[in-house]
Amino acid sequence: MTADTEFESQSDAFMTWLRAQSGVRITNKISLCDLRLQQQGRGVIANADINEGEVVFSIPRSVILSIENSGIAEKVPEILELDHWIGMIITMMAEDRPDSRWKPYFDILPRQFTTPMFWPEADLEELCGTTVLSQLGKSDAEATYGDIVLPIVKKHMDIFAKVDHSISAYHRMGSLILSYSFDVEREGQCDKNEVDRDDETDSVAEVPELDESDSDDEELSAEDNNGDEGETAKEDNEDVIEVEEEEEDEDEDDDEDQKFVKAMVPMADMLNGDSDLCNAKLFYSKEHLEMRAIKYIPKGSQVYNTYGDLPNADLLRRYGYVRYGKTKDDVVEIETQLVIDTASRGLPESHLKKRIDFMVEVDEEEDEELLDDSIQIPTSSSAIPTSALLLTYILMLNPAAFRSLKKQGHENIQRIARKELKSEEQRELWIAIIKKKLAQYKTDIVTDENLILETSPDVNLNLRNAIEVRLSEKRILEAAMRKVREWKIKDKKRRKEFTTRPSKRGKI
-12 MTADTEFESQ SDAFMTWLRA QSGVRITNKI SLCDLRLQQQ GRGVIANADI
38 NEGEVVFSIP RSVILSIENS GIAEKVPEIL ELDHWIGMII TMMAEDRPDS
88 RWKPYFDILP RQFTTPMFWP EADLEELCGT TVLSQLGKSD AEATYGDIVL
138 PIVKKHMDIF AKVDHSISAY HRMGSLILSY SFDVEREGQC DKNEVDRDDE
188 TDSVAEVPEL DESDSDDEEL SAEDNNGDEG ETAKEDNEDV IEVEEEEEDE
238 DEDDDEDQKF VKAMVPMADM LNGDSDLCNA KLFYSKEHLE MRAIKYIPKG
288 SQVYNTYGDL PNADLLRRYG YVRYGKTKDD VVEIETQLVI DTASRGLPES
338 HLKKRIDFMV EVDEEEDEEL LDDSIQIPTS SSAIPTSALL LTYILMLNPA
388 AFRSLKKQGH ENIQRIARKE LKSEEQRELW IAIIKKKLAQ YKTDIVTDEN
438 LILETSPDVN LNLRNAIEVR LSEKRILEAA MRKVREWKIK DKKRRKEFTT
488 RPSKRGKI
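Read in the numbering used here, the sequence shown has 262 at position 275, and its numbers run on one by one without any break.
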């Protein structure tokens, strides 16, 4: 059997298996197609015109792959005590076997990836300085495998002896979850209108809740799978309702996390994602998840979901591709530690600790974000965020000014944030910070602009993608530098609160 024949055979076997599952309904207006020539793996193509609001397919919750649906947790109860992500990886490792209920599904899931997690070291060096490299977490993942996963596997060799439980399998399952999974509300807790594609909040696949009060699709049989016409969703369910984000404390966030299960949703994850071309979205109810057209889809068109408006760095890290020439959603992240190190130069360590402690209190009590891991600068504005300017303002204060700030209390931070934070001192500091960030990259903008013209993705995909990401980040930094240089500062005199002077009795 040739590779092409095997690819097609596996797709056919998956569709046959899925249609045979009780409650699954798939319109005959779509086909699962081979899109490898377009570098898109598998994808869903419309065989006929699909109208807005039409149901493309409906998958009952009983068919999704999750810790709750798999029987592995009954045999390996330790899974239930773990972080849900790790528990799901172990579950999928155990389920990837010849007699698994989901074997036809596993057969069509990728075994090779173009994500940086699987790049050789030489290629990873091309990402030096980028957000991708700082967020990859490969060493942390391997530590988790050795410290947590492997001991569980060895304890339950009756389950894992005949499946691949190597570090490679662990990375594969983690990558599948990162790029394919959905966070689905637990049964009986469908009180939200959208869920995350996975537990990283920067990517949201909207899965609005369906009103089942009028629905007749709760009990579906396999014979319903082959209707010639797509079902149209009821009018009162057509609108996508977006839930506004609410500010919550950590306890509330933890409670919210308990409402969701990480799940692989067969067929839903076969749709390729494109925020510009998105024409279908996944909706959920207590019993089903259904993909519905959100606009007219003409015959021959691909059915697209969306990964959200992600920067190319996240697309590469999570899904292994970038959108060439499309950088409107890109951001650059400057490590907060780099900012602190630059702004606090010359400040005694004990004094720095007191300022950090003060800002931790401000973050907790005033809902500021002074000490996030990184500072994001989007391509849309190329502006230094106010919170970042406030961070450097506090770090640059002379001892007397800092003591005065502490006495005035945390609520005074809001007043400071509204005042003129820009100054000659801030300008000099932020130019220095941006230059340090630019120095983290292996190449400059001119070099990358030449390289990108010379490097074909067909010849060296990893290098081409790395150049795309790092070039965009450097352009944002250069734009931010120009904006800082162009700051209009009313009083160009040195600010007295930044003038170094001895503190009384060494206090700060």
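These are computed hints drawn from the structure, not numbers from a lab. Note that beta-carbon positions come from the ideal geometry of N, C-alpha and C, so glycine has one too. Any given hint could be a false lead.
Derived DEER-like restraints, expressed as beta-carbon distance ranges [stated by the list, open to error]:
| no. | residue 1 | residue 2 | range |
| --- | --- | --- | --- |
| 1 | S374 | T3 | 49 to 55 angstroms |
| 2 | Q363 | D263 | 18 to 24 angstroms |
| 3 | E55 | K142 | 19 to 25 angstroms |
| 4 | T3 | E352 | 57 to 63 angstroms |
| 5 | A148 | N447 | 52 to 58 angstroms |
| 6 | A148 | S121 | 36 to 42 angstroms |
| 7 | P285 | R402 | 53 to 59 angstroms |
| 8 | Q25 | I403 | 28 to 34 angstroms |
| 9 | I403 | A109 | 56 to 62 angstroms |
| 10 | P372 | S262 | 21 to 27 angstroms |
| 11 | R402 | K62 | 25 to 31 angstroms |
| 12 | E352 | D(-1) | 58 to 64 angstroms |
| 13 | T(-8) | T373 | 22 to 28 angstroms |
Straight line, CA to CA, 30 angstroms or less: simulated DSBU-like cross-link-like pairs of lysine-lysine [what the hints assert, rightly or not]:
| no. | residue 1 | residue 2 |
| --- | --- | --- |
| 14 | K423 | K394 |
| 15 | K313 | K125 |
| 16 | K393 | K475 |
| 17 | K149 | K313 |
| 18 | K268 | K341 |
| 19 | K406 | K477 |
Verification of the supplied hints:
1. S374 to T3: 49 to 55 angstroms: holds, 54 angstroms
2. Q363 to D263: 18 to 24 angstroms: Holds, at about 22 angstroms.
3. E55 to K142: 19 to 25 angstroms: holds, 22 angstroms
4. T3 to E352: 57 to 63 angstroms: Holds, since T3 and E352 (Cβ atoms, about 58 angstroms apart) stay within the stated range.
5. A148 to N447: 52 to 58 angstroms: Between A148 and N447, where Cβ atoms are some 40 angstroms apart, the hint is violated.
6. A148 to S121: 36 to 42 angstroms: The hinted range 36 to 42 angstroms holds for A148 and S121, with Cβ atoms some 38 angstroms apart.
7. P285 to R402: 53 to 59 angstroms: holds, 56 angstroms
8. Q25 to I403: 28 to 34 angstroms: violated, 52 angstroms
9. I403 to A109: 56 to 62 angstroms: violated, 47 angstroms
10. P372 to S262: 21 to 27 angstroms: holds, 23 angstroms
11. R402 to K62: 25 to 31 angstroms: violated, 59 angstroms
12. E352 to D(-1): 58 to 64 angstroms: holds, 59 angstroms
13. T(-8) to T373: 22 to 28 angstroms: The hint (22 to 28 angstroms, Cβ to Cβ) is violated, given that T(-8) and T373 are roughly 59 angstroms apart.
14. K423 to K394: violated, 34 angstroms
15. K313 to K125: holds, 27 angstroms
16. K393 to K475: holds, 29 angstroms
17. K149 to K313: violated, 45 angstroms
18. K268 to K341: violated, 49 angstroms
19. K406 to K477: The hint holds at about 12 angstroms.
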